[in-house]
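Counting with this note's numbering, you get residues 117 to 234 for the letters of the sequence shown.
Treat the hints with caution; some may be incorrect.
[Claimed, not checked] Each pair of labels, with its calculated beta carbon distance range:
1. T231 <-> K191: 43 to 49 Å
2. D177 <-> F145: 19 to 25 Å
3. Q229 <-> F145: 27 to 33 Å
4. W224 <-> T169: 39 to 45 Å
[Unchecked claim] Straight-line Cα separation of at most 27 Å, DSSO-like style, residue types lysine-lysine; simulated pairs:
5. K159 <-> K191
6. K180 <-> K191
7. K180 <-> K159
8. K159 <-> K202
In short, the hints are calculated from the structure, not lab data. Where a beta carbon is used, it is the ideal one built from N, C-alpha and C, also for glycine.
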Amino acid sequence: QAQLVESGGGLVQNGGSLRLSCAASGSIFNINSMGWYRQAPGKQRELVATITTGGSRNYADFVKGRFTISRDNAKNTVYLQMNSLKFDDTAVYYCHAQFGVQILYSAWGQGTQVTVSS
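Generate the whole structure from the sequences, applying the supplied hints.
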């Protein structure tokens, strides 16, 4: 069974920083991309950032210049460095991985809460 375990969430003041980590383990192989999504109360889950095995990055407009996604392929771990956090960044952040060869599979983490106080 594929498993993604997130860590690093918490409470931070407006303008502060946090670093999220997500480690993949179990029946997960040939990871194509890993990324972060978030869901605020009453809102749909939305893309934050993704990164491919080759290092190509994609960011949502609302985090460009503030968040940085990185990845350690050897450890099957993805990170999200979040700087200049705003109140609107408050959400549950979910790790995602797309993996497989001929058939692509998707795995999600359990989510980690990020709360930014104004």
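So, going through the hints one by one against the coordinates:
Here the CB-CB span from T231 to K191 is close to 27 Å, at odds with the stated 43 to 49 Å. At about 32 Å, the beta-carbon gap between D177 and F145 misses the expected band of 19 to 25 Å. Take Q229 and F145: their Cβ atoms lie about 29 Å apart, and the range 27 to 33 Å holds. With their beta carbons about 19 Å apart, W224 and T169 fall outside the hinted range of 39 to 45 Å.
Restraint check for K159 and K191: the C-alpha separation of about 32 Å exceeds 27 Å, so the hint is violated. A threshold of 27 Å between alpha carbons decides the hint, and for K180 with K191 the separation of about 26 Å falls inside it, so the pair holds. For a cut-off of 27 Å, the pair hint linking K180 to K159 stands: about 20 Å separates their Cα positions. Of the supplied pair hints, the one linking K159 and K202 holds, its CA atoms being roughly 17 Å apart against a limit of 27 Å.
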